[in-house]
Structure formats: structure tokens, C-alpha cells
Amino acid sequence: MSQEKKVVIDLQNIRRDFIVGEETVRALRGVSFKIYEGEFVTIMGKSGSGKSTLLNTLGCLDTPTSGEYYLDGVSVRKMSKNERAILRNRKIGFVFQSYNLLAKTTAIENVELPLMYNTKYNSKQRREAAIQALQMVGLGNRLEHKSNQMSGGQMQRVAIARALVNNPAVILADEATGNLDTRTSFEILVLFQKLWKDGKTIIFVTHNPDIAQYSQRNIFLADGKVKDDTVNNHILSAEEGLAALPKNEED
Amino acid sequence: MNWSNLFKIALKAIANNKLRTFLTMLGIIIGVASVITMLAIGQGSKQSIQSQISKMGSNMIMIMPGAERRGGVRMGSSDMQTLKISDYNTLKEECTYLSAISPSVSSGGQFIFGGNNYSSSISGVSQDYLKIRQLEVEDGEMFDDTDIAQSAKVCVIGKTIADNLFTAGENPVGQIIRFKNMPFTVIGVLKSKGYNTMGQDQDDVVLAPFTTVMKRILSVNYLSMIYASAITEGQTQEAINEISDILRTNHKLQDGKADNFNVRSQEELSSMMTSTTTSMTILLACVAGISLIVGGIGIMNIMYVSVTERTKEIGLRMSVGARGLDILTQFLIEAVMISITGGLIGVLLGVGAAYGVKFFAGWPIAIQPMSVILSFAVCSITGIFFGWYPAKKAANLDPIEAIRYE
Numbered sequence: 003m004s005q006e007k008k009v010v011i012d013l014q015n016i017r018r019d020f021i022v023g024e025e026t027v028r029a030l031r032g033v034s035f036k037i038y039e040g041e042f043v044t045i046m047g048k049s050g051s052g053k054s055t056l057l058n059t060l061g062c063l064d065t066p067t068s069g070e071y072y073l074d075g076v077s078v079r080k081m082s083k084n085e086r087a088i089l090r091n092r093k094i095g096f097v098f099q100s101y102n103l104l105a106k107t108t109a110i111e112n113v114e115l116p117l118m119y120n121t122k123y124n125s126k127q128r129r130e131a132a133i134q135a136l137q138m139v140g141l142g143n144r145l146e147h148k149s150n151q152m153s154g155g156q157m158q159r160v161a162i163a164r165a166l167v168n169n170p171a172v173i174l175a176d177e178a179t180g181n182l183d184t185r186t187s188f189e190i191l192v193l194f195q196k197l198w199k200d201g202k203t204i205i206f207v208t209h210n211p212d213i214a215q216y217s218q219r220n221i222f223l224a225d226g227k228v229k230d231d232t233v234n235n236h237i238l239s240a241e242e243g244l245a246a247l248p249k250n251e252e253d
Numbered sequence: 023m024n025w026s027n028l029f030k031i032a033l034k035a036i037a038n039n040k041l042r043t044f045l046t047m048l049g050i051i052i053g054v055a056s057v058i059t060m061l062a063i064g065q066g067s068k069q070s071i072q073s074q075i076s077k078m079g080s081n082m083i084m085i086m087p088g089a090e091r092r093g094g095v096r097m098g099s100s101d102m103q104t105l106k107i108s109d110y111n112t113l114k115e116e117c118t119y120l121s122a123i124s125p126s127v128s129s130g131g132q133f134i135f136g137g138n139n140y141s142s143s144i145s146g147v148s149q150d151y152l153k154i155r156q157l158e159v160e161d162g163e164m165f166d167d168t169d170i171a172q173s174a175k176v177c178v179i180g181k182t183i184a185d186n187l188f189t190a191g192e193n194p195v196g197q198i199i200r201f202k203n204m205p206f207t208v209i210g211v212l213k214s215k216g217y218n219t220m221g222q223d224q225d226d227v228v229l230a231p232f233t234t235v236m237k238r239i240l241s242v243n244y245l246s247m248i249y250a251s252a253i254t255e256g257q258t259q260e261a262i263n264e265i266s267d268i269l270r271t272n273h274k275l276q277d278g279k280a281d282n283f284n285v286r287s288q289e290e291l292s293s294m295m296t297s298t299t300t301s302m303t304i305l306l307a308c309v310a311g312i313s314l315i316v317g318g319i320g321i322m323n324i325m326y327v328s329v330t331e332r333t334k335e336i337g338l339r340m341s342v343g344a345r346g347l348d349i350l351t352q353f354l355i356e357a358v359m360i361s362i363t364g365g366l367i368g369v370l371l372g373v374g375a376a377y378g379v380k381f382f383a384g385w386p387i388a389i390q391p392m393s394v395i396l397s398f399a400v401c402s403i404t405g406i407f408f409g410w411y412p413a414k415k416a417a418n419l420d421p422i423e424a425i426r427y428e
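Listed in order, the protein sequences are those of chains A and B.
Here the first sequence stands for residues 3 to 253, numbered as in the numbering used here.
Here the second sequence stands for residues 23 to 428, numbered as in the numbering used here.
Worth flagging that the hints you see were computed from the coordinates, not collected in a lab.
We treat Cβ as the ideally placed atom computed from N, Cα and C, and that holds for glycine.
Heads up, some of the hints might be wrong.
As the list claims (entries may be wrong) - For each label pair, taking beta carbons as the anchor points, the in silico distance ranges come out as:
{"id": "1", "chain 1": "A", "residue 1": "239", "chain 2": "B", "residue 2": "41", "range": "46 to 52 Å"}
{"id": "2", "chain 1": "A", "residue 1": "75", "chain 2": "B", "residue 2": "26", "range": "28 to 34 Å"}
{"id": "3", "chain 1": "B", "residue 1": "41", "chain 2": "A", "residue 2": "84", "range": "53 to 59 Å"}
{"id": "4", "chain 1": "A", "residue 1": "23", "chain 2": "B", "residue 2": "414", "range": "23 to 29 Å"}
{"id": "5", "chain 1": "A", "residue 1": "169", "chain 2": "B", "residue 2": "26", "range": "40 to 46 Å"}
Stated by the list, open to error - Quick partial rundown of chain B residues pointing at chain A, CB under 8 Å, derived from the structure:
{"id": "6", "residue": "204"}
{"id": "7", "residue": "205"}
{"id": "8", "residue": "331"}
{"id": "9", "residue": "333"}
{"id": "10", "residue": "340"}
{"id": "11", "residue": "341"}
{"id": "12", "residue": "342"}
{"id": "13", "residue": "344"}
To be verified - Below, computed lysine to aspartate or glutamate pairings styled on EDC-like, alpha-carbon distance capped at 16 Å:
{"id": "14", "chain 1": "B", "residue 1": "114", "chain 2": "B", "residue 2": "167"}
{"id": "15", "chain 1": "A", "residue 1": "83", "chain 2": "B", "residue 2": "423"}
{"id": "16", "chain 1": "B", "residue 1": "215", "chain 2": "B", "residue 2": "167"}
{"id": "17", "chain 1": "A", "residue 1": "83", "chain 2": "B", "residue 2": "420"}
{"id": "18", "chain 1": "A", "residue 1": "106", "chain 2": "B", "residue 2": "185"}
{"id": "19", "chain 1": "B", "residue 1": "213", "chain 2": "B", "residue 2": "158"}
{"id": "20", "chain 1": "B", "residue 1": "181", "chain 2": "B", "residue 2": "158"}
{"id": "21", "chain 1": "A", "residue 1": "36", "chain 2": "A", "residue 2": "177"}
{"id": "22", "chain 1": "A", "residue 1": "227", "chain 2": "A", "residue 2": "19"}
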């Protein structure tokens, strides 16, 4: 089914070498895959498998030593630092493990952040887009809450809203549930599944194999290579998983 | 680049750290305030000296004998006797730019009245001297042309002399005082002028006809000085030129030969005097300027800490699309806002302190718009200069490392 769909990410034989002293560390040794619009992909691997390097490459924070990377049809490899910054601003939404919200700053201001670096938005449009994104993640009633007044789950929702606000080609989540308890993790997964059903393209990088069951496609990375690339035919519903959890009084 | 957005971001960062921002600003505030106060005090005393000098007679021209020492060559003592009565007479008749002219010779010695004595000096002058030095006879009268023609033994004394000789409260006018065994009739007492800027007692004077001092006391035929007054201050230079021409003709000096006299105006004296206060002002401003630099280093220090502390934030901003230039600008705006706000407060505080000095210590002050503009400009530049390095450091961070920085 995905053959007719638009290719959002196209990696062609990506290699990334780091020179540490005398040695060359080959973090990525020829990674190739395509991700299509509307896919929910988990990228898994142990630490040292090249996961982080791949994430940096996908996020246009880093450029490969060799190979081609097309993001939404644009070749990234030869881009300058500034061009990549603009590309990140328009096409990528990051969600980090530790949320990375601005301190003492309201939810709405945090979500507005990417649009602050986009001159196409004026302050009114920026605010509207931020409110819309916060409503999408279920925080429509907490617009003016400051980052230090929120729970971990709420903070991660704000971070997801921030990743959504620029309507990116792909959302890159880096261990997005890593700092959260089981229940909140499920809630975040519910949110990701909802966004996926709304047609968003999501790449979830994790070392936790459980999460793979909730996504559509799983890519396993080992020693800087793609070891396995499978389609998950039995996608679990995070909502059901959440319902199955024992009731928590405090929640 | 969106300036208003970057401005908002910087403002937010400052607002998040109010105490620290204020403490950083304090350096700049103190720096700017001290620059302004010091300059106000310096300028104030300069202006007060200038006004005192002009009170002494701003149009005053002094003609002195002898040439200036040039190249270390000391002129012969005969050169010091080059001013004669004839010079005075010619100048008096021929000079068109002068409103008053008076010769001057003086002799030091002891004045005696009854059991009192007082050491001072007697100045031989003409009536015009009062006008030139802006003196007034309070009691009695000034000597006249007849007294000069007769070399009369009369004198007009200053307040200090009167106070020291007539201790019993006698009216000095009409009394006879002795100077070097010569009796002088006091015919007038001068109105008190107090001390001048140089700390000289302007009331410590005894004026007598110049003919009396030259013939009866000193037995000389030359003058120690000629005082003159230009008609207006603006005509001082023309008057000086005219005096020089007349004196050169009178002294039969050929072209190429140096003047054997000196003509000085009050303006020169005033610039000489004010040069002292100018260097004092510069010194004060330098000291204050150093504190401004110290304030600037304070900004740099805090910005540097701030960049390190906010590495993660910078990483985040970069990952959501901030370019190096955006980060650089953000931090520069922060630094400049701190320094400009500090500068503004410093200006207000400096002006306030200057008036405080005027009010409590009674020192003259003069706040010049230039010094305000200057110190303001300096502190803005300080902000950019000292903010640049930390901002550059922030802009050059690697987003991958920055975002994971703990």
C-alpha cells in the first residue's frame, strides 16, 4: 500500500565515520531505507548500534560522511549549517527524552518557539498555531501553565505540541517515553497513535522493544547497519493497553 | 532574521534572571554614573575658574618686558627694562582698540601706621587700573592726573591693608601711613573682592600714582608691566597685534628681530589656568572610565556563565531551527540591553549625584550633554564588545552536543 505514497525520507547507503584520535569509528556502515508519508516507524537498537548517529542524521543535525539523504525530496548531504537549520525549522519536529522545555516559560510560549525563527508567521498566527497544536495534544486548557508547574507527561505533551506546530514532514521522537512511568508512557503512546491516524509521519527511536508493538514498522539497527526491517501486522492499541493497566488513584 | 522575535526572546531571558541581571547592571550603572559625576565636577570647576578670570577683567591685556626664553637662551637683564614710560604714552595715544591702559611698577615693603605694620607691596598705576582690574573705590576717591603729574604721595588701599593697619577702627581715609619711611596719605579704600581662584588675596593691594613709585621709591625709568583693556573681548587679538606693531616701531626693532616684550591676554591666562582643570577632568574621567570597563567585564563574565548554563536551551533552539546568527544576535541583544538599561540608570544616578555634590558640598558642577551622550555610547559599545565573545561561543555550539549537555 505504501508504494504509491510519497517518500518522506530516503536514505541511500549512509555512512558516518568519526575520527577519534588515531582510530576511525564507523558509526553507520551503509544504511539504506525509505520512509513514506504517514508511516509510524520505530528504530531500535542497543546502545552503540548507531541509533543516535542515525537520529542526528535524520534530524539534519549531522551530515553523513558518504551516501545520500533526501528529506522530503531535498538532498541534505551538501547543505550548509544555516540551510540545515532552516530545513529543521520547516520540516522536522523533535521530541526529546528530557522534554527540553524552556524554564519558567508558559506552554504556549514553548510551543511557539520554532515559529519564532520563521519569519512567515506573525505573532497572531504564531499564537493561533500554538493553541491549535496544544489542543491536538489535549492541553487546550493549560495554555498559560509554566513548564515548572507541569507533570512529566504534560511537559512531554507540550514538547510534542512544539514538534507539531510547524506542521513538519516528519516527527522525530528520541526515547520520548524514556523518562515517564508506565501509565504516562501509555498516554504518550496513545497520543502518538492518534497523530499517526491523523496522517502524521512519526519516527520513534528507542531501545525499548515493547514500543515496537505499537508502531507500524520496525527497523532494527546493529553495528551501524540495518539488521531487520519488518512490518508489524499486529499493531497493539495503546488505548487498550492503557485501559488494561491497574487503576491508579492519583492519576 | 526577525529582530522583534529575537528581542522578545532576549527580554524573556533577562526577565527570568532579574537579580543576576541587576547585579550585572550595577557595574555599568556605577561606571556611567561616576563618569558623569566626575565630568560634571571637572567641568564645573573649569567653568567657575573661567568666570572668575573674566571677573578679573576678561578684556585684560598684559604687556611685559623682555623676550620669552627660547631654546634655553636666557635673555640679558637689560632686556627686562625695555618697557618705558614713552611706550605707555604712545600706546595710550595711538592704540584704537584699547579702552583703558595703565602702567605698573611695584615695590615690596612694610607699611606702618601707628603701632601696626604690615608687609605688602605698593603698585604704581594710573587711574585706568581700576577699570582694567574691575576694582571700585568704596570710600574716598582715586588719585587723578594732577597727583600723577606731581608724583603725589597719596595711595588707595585694599581692605586687607586697611584691616591690618587700622585695627582700632579709624577711618583710613585721610590718615597717613608710612612706606619705607615715606608718608603716604590714604585717599581711598577699595571695595573688597575677596580671594581669587588661585588663592590670592585681591584686597592685599596699595595703589599709588606710578610716577610716585618710579621716581620717589624705586628711582627707575622703566616699567615692570603695562595693563590694558581691549574695548570688547572680541577685539583682544586686534589690540594685541596693534600693541605689538606700535611697540616694535617704538623700540626700533628691525624685521626678523625678536620682540623684546611680551603681550599676553587674559584669554591665554585663562586657557593656561583651565588646562590644569582639564587635565584634572581627564584624570577623573579616566578613573571613572576604568570602572566602566570593569562593569563591561562583569557583563562578559555573566554572559559567559549564562551561555554555559543555557547550553541545553541553545541546543534546543538550534534543533528547532535557530541559526548560529540567531543565537549570536539573541545573546548580543541581551548584553546590549543590560548595558543600555544600566547606562540609562547610570545617567540618572550620575546627574543626581552631581546635583547632590552641588547641594551638599557646594562644589560647582556643569553637566554637559556631550558627557552624557559619550558615556552612554561607551556603555553600549561596551555591551557589544564584551557580549560578543560569549555570544560567539554560544553560536558556535554543536547542537548535537548542546542538546544532550547536562
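Each hint tested on the structure:
| no. | hint | verdict |
| --- | --- | --- |
| 1 | 239(A) x 41(B): 46 to 52 Å | holds, 50 Å |
| 2 | 75(A) x 26(B): 28 to 34 Å | holds, 33 Å |
| 3 | 41(B) x 84(A): 53 to 59 Å | violated, 36 Å |
| 4 | 23(A) x 414(B): 23 to 29 Å | holds, 28 Å |
| 5 | 169(A) x 26(B): 40 to 46 Å | violated, 23 Å |
| 6 | 204 | violated, 92 Å |
| 7 | 205 | violated, 93 Å |
| 8 | 331 | violated, 10 Å |
| 9 | 333 | violated, 11 Å |
| 10 | 340 | holds, 7 Å |
| 11 | 341 | holds, 5 Å |
| 12 | 342 | holds, 4 Å |
| 13 | 344 | holds, 5 Å |
| 14 | 114(B) x 167(B) | holds, 14 Å |
| 15 | 83(A) x 423(B) | holds, 15 Å |
| 16 | 215(B) x 167(B) | violated, 25 Å |
| 17 | 83(A) x 420(B) | holds, 10 Å |
| 18 | 106(A) x 185(B) | violated, 78 Å |
| 19 | 213(B) x 158(B) | holds, 5 Å |
| 20 | 181(B) x 158(B) | holds, 11 Å |
| 21 | 36(A) x 177(A) | violated, 21 Å |
| 22 | 227(A) x 19(A) | holds, 13 Å |
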